[in-house]
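If you want the building blocks of each chain, they are given just below.
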Amino acid sequence: MNNHTILEMRSITKEFPGVKALSDVSLEVRAGEIHAICGENGAGKSTLMKVLSGLYPYGDYSGDIVFQGQEVQFKDIRSSEAAGIVIIHQELALIPELSIAENIFLGNEPTRFGVIDWDYVNRTTLELMARVGLREDPITKVKDIGVGKQQLVEIAKALNKSVKLLILDEPTAALNESDSQHLLDLMSGLRSKGISCIMISHKLNEIEQIADSITIIRDGKSIETLHVKDDGVDEDRIIRGMVGRSLESRFPDHTPNIGETFFEVRGWTVAHPTVADRLVCKNSSFHVRRGEIVGFAGLMGAGRTELVRSVFGRSYGNFKSGQILIDGKEVTLRSVPQAIKAGLAYVTEDRKSLGLNLLDDIKTTTVSADLQRITHGLVVDKDEEFRVAEEYRKSLRTKTPSVNEGVAKLSGGNQQKVVLAKWMFTDPDLLILDEPTRGIDVGAKYEIYGIIQKLADQGKGVIVISSELPELLGLSDRIYTIFEGAITGELTREDANQESLMKRMTASRTAA
Amino acid sequence: MNSFKQIFGGNTRQFGMIFALVALVVFFQWQTGGKTLTSVNMMNLFNGNSYILILAIGMVLVIIAGHIDLSVGSIAAFVGIVVAIAMRDWGIPWYLGVLLGLVLGAVIGIWQGFWVAYVGIPAFIVTLAGMLLFRGANQSVGNSLTVPVPEGFRYLGAGYLPEVGPDLGYNNLTLLIGFALVAFVVYSEVRGRRKLEKIGATVPPTWVPIVKVVLLSAVILYATYLFATGRPGTSFPVPGLILGVLVIIYAFISNKTILGRHVYAVGGNRHAAELSGVQSKRVNFMVMMNMSILAALAGMIFVGRSTASGPSDGVGWELDAIAAVFIGGAAVTGGVGTVVGSIIGGLVMAVLNNGLQLLGAGADDTQIIKGIVLLVAVAFDVYNKSQGKPSIIGLLTRNFGGGGGSRKADAEAPKPAPTEQAVGTKEVISHDV
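As they're listed, the protein sequences go chains Y and X.
The first sequence begins at 1 in the numbering used here and counts up by one.
The second sequence begins at 513 in the numbering used here and counts up by one.
Derived by calculation from the structure, the hints in this document are not laboratory data.
Glycine is no exception: its CB is placed at the ideal position from the N, C-alpha and C atoms.
Mixed in with the good hints there might be a few duds.
Label pairs and their computed distance ranges (CB to CB) [as the list claims (entries may be wrong)]: (1) D76(Y) with A891(X): 14 to 24 Å; (2) A408(Y) with L680(X): 34 to 44 Å; (3) S652(X) with D119(Y): 35 to 45 Å; (4) K352(Y) with I884(X): 30 to 40 Å.
In silico lysine-lysine, DSS-like type, Cα no more than 27 Å apart, as pairs [to be verified]: (5) K707(X) with K399(Y); (6) K341(Y) with K707(X); (7) K352(Y) with K793(X); (8) K793(X) with K320(Y); (9) K793(X) with K399(Y).
Kindly produce the complete structure, drawing on both the sequences and the hints.
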């Protein structure tokens, strides 16, 4: 690695009406390095990247950007891309109905005599795909490939624009372990070819593994830049920088108080909603005890979400066979309302598209799963609604000026608290939490863990689905592993570790 | 400026729409040399627009839920002709005719709701089909002829309240309605204040509610005066009364009941709503069916007013109703909108129509101006949203008690919104009529 600087951002300050999002932030990226930017949600990472990529044009912020030795003044994304800076957002900007090749060349189509030169497009696409390690037909539609491969298409698209500095915003947030690893390998490959990367991520283990330098941003200020090799950086060191204090432990202390089994699923078999002969849950059986936190481990696509959603009032797939027993008695939960009435609650994996109505405010969201409880006669009691929402705001310590705020304005962690409040209000016996801390910063995660443990202490059963094994290991009293729709293992807290879980999560079907 | 805020509870801009309406009325009053705010003109305006406003009530719910209904004009026409023929040929009395019409509307609603909600065909397609189907059915049943309706039925579309009590030179029932409204304004203000005190919120200084009540009451009383002093035998018109009652009922449903909440939830995020236990199919079915019932009612009111049912009744109504809803702040993507906002939107269109007619503008100019107003009103709202400011129309209507629009306004005003809102509407109605 050579040491010359490719990008320098000096004293960047960006204000929104009433808020200083960035104040005097500096960032220096050397050529051919992977530079991670860490910070809690809302610290200003994304704002900084929007300044860099020209989304906030020159003049909207104060401070200087020097790229490849020249001061640059980007007025939009086009001009930053022309200079060789490409940003890949967390929500991928691909068009599902177009092919891989069409997406890569979108807005940049090569023409001959005014007609798109498809030979060139397809040939170049194949070359680009080879560079990112993607083996697909260039005419495959993007909607038909997995999210991991879509990420690769985005990178191929960037390479096609002869990128010099690639910005990746939470690149592995939606990827499973093997896709994540592939992406990280690809990033080091790009590094060796002299392409610099800026990577925003909450996954500290990945940062530790791959980054050369780390700039930590807190409350809109750049706190420090760490050099991984020289400074001996580990996750705790990064966390200390991000939160400004060291978290003693990443999980609150907790002594479980586990009662008897009250919820049991036997032989649960469910078919895919549109492909009738494809089973997404195969003869799965599990149980939950009162006061117990049960983890579901599995790779993305293993069928974890499908399993719990089909249990939750058959809200996914076509039910084939299986039994649900609550307190030893068999129940049939054909619809979500029935499941809620039976004491189930399901916090969805994808807050924005499945969990929240982003048009709603906090108080309406809080009561939305059990309106009946605050309805007298025909009338929804709005005083009651306000009171309930206030209560949860205080007890969960949701950071908001008031419960009249829209949920869209909240940070991920606070949105999740509102969703939790909504389900706590239904007073469930079994809470199913699907990726409860995805996209949530470290400090808020700790609080969410605390809430989950408190719920278990109240005698509720909790199921936690998570792609982050350390989270499952830190939180669960017992862990089931799922592979290709079947439960492949059950481990107690004592027996579970990353290796034992991973083995069962990737196990062949014969390993039961 | 600050005083405005205090009086109207929030941002002055949220009242942009009402101010626009008032400004329009004042402008036309001035341009027509006082012909706008007369008893006759106000009654005409009401009689001539109440059926569109009734459609707008149903349409806003359809649009909040994320659908659209193009068939309302055709349904109105079909129901109108069936009822007219039933009364003429079978000799059934007018009130049974009304009942028959409503039942027929419900049956048509079941038909359309079934396709939209349970088969999952987009409402645009289902109702486009319905638009053709029921227009054809109207002309087929009526042989493309005009069928007159009996006297009793006409009361529905062009009737006035009877004269009761001592002759004071006013229509007593109109006076009664006006006074009841004023009493209600006072009551809801007092009650809202009590509630604020109870939950420990900051209560605005005493002069604020007093000014508010005085302003509202003055408007209501002026309108009452206009309606009560028309030529003998006239009063606040019957279609207006039906509209007023429907506004109160539907504002209540959309704002205060679980069903109303569910409509907003389904329109805002259907998947999230379903996973929260909302039965979205049923909600979609209900809004589509409700729309057809209201379309049937609107059709019958129109037939009553024009004294006969014809083959081209209701042509283009769906567009007027949809325009009213969008001017009133609803979002094309669903989840946002209010009953009262849509009524205000409809009134803006109605006043424009009426004022331009009084000024002698032709139908061509009127349409051009209405088109521009629709575009500008929505563009203004979109621009405001893109600037990160709250949607003016959304806020406006929220304060009047919509479930889903925008937020914040409620902090200062957790008062009995729908009823208050009905009062607000009355105020506006009386203004421009």
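Checked against the structure, which of the hints given earlier come out wrong? Going through the list in order, the structure violates hints 2, 3, 6 and 9 and respects the others.
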